[in-house]
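Residue numbers (my numbering), protein chains in the order written: chain H, 502 to 931; chain P, 3 to 1040.
Derived by calculation from the structure, the hints in this document are not laboratory data.
Be a bit skeptical, because a hint or two may be false.
[To be verified] Label pairs and their computed distance ranges (CB to CB):
#, chain 1, residue 1, chain 2, residue 2, range
1, H, 893, P, 673, 51 to 59 Å
2, P, 168, H, 880, 53 to 61 Å
3, P, 1011, H, 770, 34 to 42 Å
Since the model is a prediction, treat every value here as computed from it, not as a measurement.
A virtual CB, placed ideally from N, CA and C, is assigned to each residue, including glycine.
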Amino acid sequence: MRKVIHRKLSRNFLRLSLIVLLAFTSSLSAQEGDAAKGKSLFNANCAACHQLDKKMTGPALRHVETRLSEDEGLDRDWIHAWIRNSSGVIKSGDSYANKVYNEYGGAAMTAFPQLSDQDLNDILAYTAEEKKAAPAPAAGAAPVAAAGSSDGISNELILGALAILFILLAIGLYLVNKTLRRFAAAQNIELEPATSRTPLWKAFVQNQFLMIVVAIFFLLTSAYFAFGYLMQVGVDQGYQPVQPIHFSHKIHAGDNGIDCKYCHSSARVSKTSGIPSLNVCMNCHKSVYEYNGETSAEYSKEFYDGEIQKLYKAAGWSDADQKYTGESSPVKWVRIHNLPDFAYFNHSQHVTVAGVECQTCHGPVQEMEVVYQHAPLTMGWCINCHRDTDVDVKDNAYYEKIHAELSKKYGVETLTAAEMGGLECGKCHY
Amino acid sequence: MSSNKKYWKSVEELNENSSIVEALKQNEFVAEIPTDEFLGDKDTLEASSTTRRDFLKYVGFSTAAASLAACEGPVKKAIPYVVQPTEIIPGVANYYATTIADGFDFASVLVKTREGRPIKIENNTMAPSHGSANARVNASVLGLYDSLRVQGPKKDGASISWSNFNAETTKALNSVKASGQSIVLLTQTYASPSTNKLVAEFKEAYGNVNHVVYDAVSEFAAVQAFQKKYNKRGLADYDFSQAMTIVSVGADFLGDWQGGGFDAAYAKNRIPANGKMSRHIQFESNMSLSGANADKRVPATPNQQKLALAKLYSLVTGNNVSVKGLPANVEAAVKAAASQLKKAGSNGVVVTGIQDVNAQTTVLELNAYLASKAFKPEVVIKTKQGNANAVAQLISDMKAGQVGAIIMSGVNPLYTLANAADFAEGLKKTKLSIAFSMKEDETSSQAQYLAAAPHYLESWGDVEIKTGQYSLTQPAIRPLFDTKQFQDALLAWTGNSASYSDYIKSTWNESVLGGASYNKALHDGFFVNNSAKEEVAEEAPVDEDTETTQTAFSGAAQALAASAKSTGLELSLYTKTGMGDGQQANNPWLQEFPDPISRVSWDNYLTVSKADAEELGLKNRHVADGGLNGSYANVTVNGVTVKAPVLIQPGQAKGSVGLSFGYGRTAGLKEEMQTGVNAFALYHNFNSTQNVTVEAASGEHEFACVQLHNTLMGRGDIIKETTLEIFNTKDKAHWNAVPVVSLNHEETPVTSPDVDLWDEFDRSVGHHFNLSIDLNACTGCGSCVIACHAENNVPVVGKEEVRKSRDMHWLRIDRYYSSDETFEGDNIKKDEFSGLFGDKGSLGGFGEMEEPSDNPQVAFQAVMCQHCNHAPCETVCPVAATSHSRQGQNHMAYNRCVGTRYCANNCPYKVRRFNWFLYNENDEFDYHMNDDLGRMVLNPDVVVRSRGVMEKCSMCIQMTQKTILDAKRDGRVIKDGEFQTACSAACSSGAMVFGDINDKESKVAKTLEDNRMYHLLEHVGTKPNVQYQTKVRNTTEA
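Just need the whole structure built from these sequences, with the hints factored in.
Below, the structure is given as structure tokens:
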């Protein structure tokens, strides 16, 4: 409940700021270039090596035009020439070009002759924007909390009022009773003493039939609960350990829509899905050094940036020097999905051959801030799926013969994994 | 009804005055139970602060804590790579081609690695020769993970660094060079072009350098004979697939004779095709694999073999050689063999294993005379270069103090030399001694410098196994320890900064490849250069006596006949299939590997013929716990006595005894592996035949023998056998009849559904796996047994447990002897039994049949789970832990098994194995599964079984499932030959064929329809998915 409201609010907030932003930027671009267009051009062409505020493979580019004209006396034409053909500028003996070239380890910048003057102006307009202040998440979060709690208070109030009412009623009854008795005593009316009957509990104990029924009921109930307890021993559904690095699948797979198999690539060909090695993380995180997405009170931007720093430390990446130090320390992730040794499971069989979505077994990972075990991973769970799921035999020469024969035998068009022999013990236990 | 009878429990009770009787009436135990012993003495008990209540509290608390802790799953960590190597995908195996060249075994193999760990050795089927791994090569991967390997270089027992090692040894070598003393390199046979070049460079750098090549088990006589005749150093190659008549005189060519590797070619002609198969006649003293596979085996002592060979020469070539003293039966056999050879002409071949130059020369002559197609003197086997004379010279030089430095690599002379004491004495007089070794073995522990050497799976190398057939060794894993190979040290000593891998590459590009791609050679693991230039002998022929040279060729046979002098018992030293020369003595797989012939594991023993044993008072007996016990005997050669246990070996030539090398090591071995006696002590002058005196010694030895029942007792439905003549002329019903049972007084074949207890299940859809085992092609080599061990994580249980028949082998190779001269004779004898008593009575008759004959026929039969379609084990399992699949495999769900062992009781084939103990991470079973290093060899796709569950052959379901999955992923149909099991993949002779019988074009579907096909114990009606092909013997005398 709370989270939904929160998301709506913050989304609204973002929308509003976007409108403000757009209005602001369009006014600027009227003169030289369109910063919004420039942003997309920048992201498409430049972002692999450049950031606005941070030195990466190439220098930081915010206010590059002003900087160059003020410090070096270089105009926009020089920048255009440089972007279109940097090596040409270097060869021409330009002193600043050579200085930059040497400063960045002799790595030549890719030439972009395809960019028009307008494109370059757009990009420069984008780089000329002022740095925005980080959005303040707390402002959005506070009213949400207040609104959420007001609902709860009203419920409690009603309950409290009812309780007080009942207490008042009870007191009233007691007082009435007391008063009546006093009147009776005053008028000498004999009150009949209450006839002593066998107490209910005694009657109950004396009724042997009832006792036996209750005992059987009690035993059955406890057996039911004991069985339920024992069956969940070793079932870790919902297991959600704290990981050494707070890796948010929500941000990666959800918000950014990265394919699961980009990182868990061996799921396609191997029995294990594979935990990505740190070099896979660094493919992106070399340039993604900070988090700029949605945040909350619990997970702030500082928190996420700290986690990225943890990754850099583990991978031995020096963000300041933009190179590997060689001092790496492998991350000790906590395994969430633990199959016992005697059960053989092969990811590629399910992912590549059967085309099962990762989410079928792992749940909505793209929504998980912290990953937990979605499925019970019990044998019954496996078997049920094998019984219900039709095998995808399309365009697979392997299945042609067996499918034709089996569908004739069973008189069906589609075959489940179970009908293919997927329930046999030895298929998973060896 | 009362009785006055007095019952008594012991004689003592009859004595009325006995006090003990009275005491026993009152007390069950006469003496007070010594509670103090286990409770400690009273004072300490009372002084203890733990009261009874506290104790109970602690017990209660810890029980509760333990059960609470058990409810919570342990936290498991998963640690990915920081930078994942591109060639490694976790969960997917990589294969690399490499070559083992340890001085005894040479083979081109594939190494299976998982996550960078080598876990299995497989055949390199592309390699032109030596592409098949024998049992030892299959097991060699475990040597990599030996916990007793030397982990870094040492000087006088203390660790030093490699840089110090290099500096110190270079200095010492230079001072030796300056002093003018000689530097000796004592190495195994490397047969390596790069190493040879490197040694030459080393010689150039240090001047007075002598390279002595030393084979622990020598073929020196054969090398000498070959060199004399062909002026090339090495051994002649034989291609047995070209031979239809094979006469072997004392050559175990299916074993380790002349480097081994001949069995695959031999097996090709053993399968009858178009009514023809080869005929193999074997003269030998010990029962060997070759003898067991022969069509006709003639037991003959080594001296008789010499005479037989001379006689054979004389009969075949017509040169008159006078041969005296050959027993009549051997002579008759020689005559028959000679006429057969003459008839075969160029299709015949003669081989010998007699370590005598004249004998070897005679054989070369004979083959040249026959113009044998199988005899290939132009192709030289280079893997046995050892020079016995040079070794003898070296020892005397060392004793004389003339050797300044000795550098040893791949050798262990203090263990493998008969005169080890002389060598040790010489070693003390040598200023500098360096030993490259993986172990602190007998020799390396005595050397000044122990240079820790890498395993071959961590090394680079090259080898020219045969002329023009080159192989490459490449590492499949980074060195586990701080090791350095001999060649790298040579490079350092010669001041060459290149690595050995670069050195090999440049050598190959210069002189081997002739422009071909090095990367392709490295990928394939081998390279064949047919235009290899003929090499001239490296060393001049060794002429120890001119007389022999003169008589060399035509007179060799005469000299051979003259040299045969019989004096008492003759000892033949041999190598066992499992242990070879003993390099891998610390390998538990090999120790537990039962010898194919004797079926004894964890031991070597003196094999004695039954007649000699009776004469010498040596006994074998079976004891009540099912074990085999044997007497000890003192075996004396030239004053050296070895006390060895005795095994009475059917087929052992009377007047001869046998003892195997490779055992009796003590240094660098776990205690359990220190088994057997050292036969090298008797290996005088590198002669495998010695005159010997044997006398009974006191004591009794306990063997761990896995097969006590030696004969078939005429049960023809276990091993079906026939002769080539009958096979060719008679109907299948005659020699491979399907058993029948009576149904309504009519004989009905057991394969008929009318007599079946079970309903048939339709297995015609999908795959239906079958394994076919051809008894004709199976030589009993045992590589399948070790391959199964490696693939399926089969535990090693140790000698004590094996003795109790608790061995865990999923695949065993049963060996049967005939009780008559032939198995056919057995069957006739059994059929003719009439009544219980009398001459033809079954009581006495069966008793006789228990004893194998003096010269029995031998048959091997690999038995694993038969994967019955109507499996008796499945019906008795109370928890349905074992069940059948439609693919024909009998499944075993270990996690479901509760260990009732009903299934094992109900199995007619006795192939189920029970985990009596926890065999991993248990100090009681201190084999490879008890240390982190050894567990690295485990196959991650197969679960390691725990205590109390039954296990058995799964028909390598993990492999068949993988094949299916790969095909599904690629979206293609599976071709015949893709399905393999560990055993069928390891079988180089083609005896094991695995596949899908629903694929009608598959090999195994065809063998199912073959006339020779039968099922084991067919009359039981289990409908197994393992087929056997009837053994056919070529008994046709020419």
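Evaluated hints:
1. H:893 to P:673: 51 to 59 Å: 57 Å, holds
2. P:168 to H:880: 53 to 61 Å: About 59 Å separates the Cβ atoms of residue 168 (chain P) and residue 880 (chain H), which means 53 to 61 Å holds.
3. P:1011 to H:770: 34 to 42 Å: With Cβ atoms ~38 Å apart, the hint holds.
Violated hints for the displayed structure: none, as all numbered hints are satisfied.
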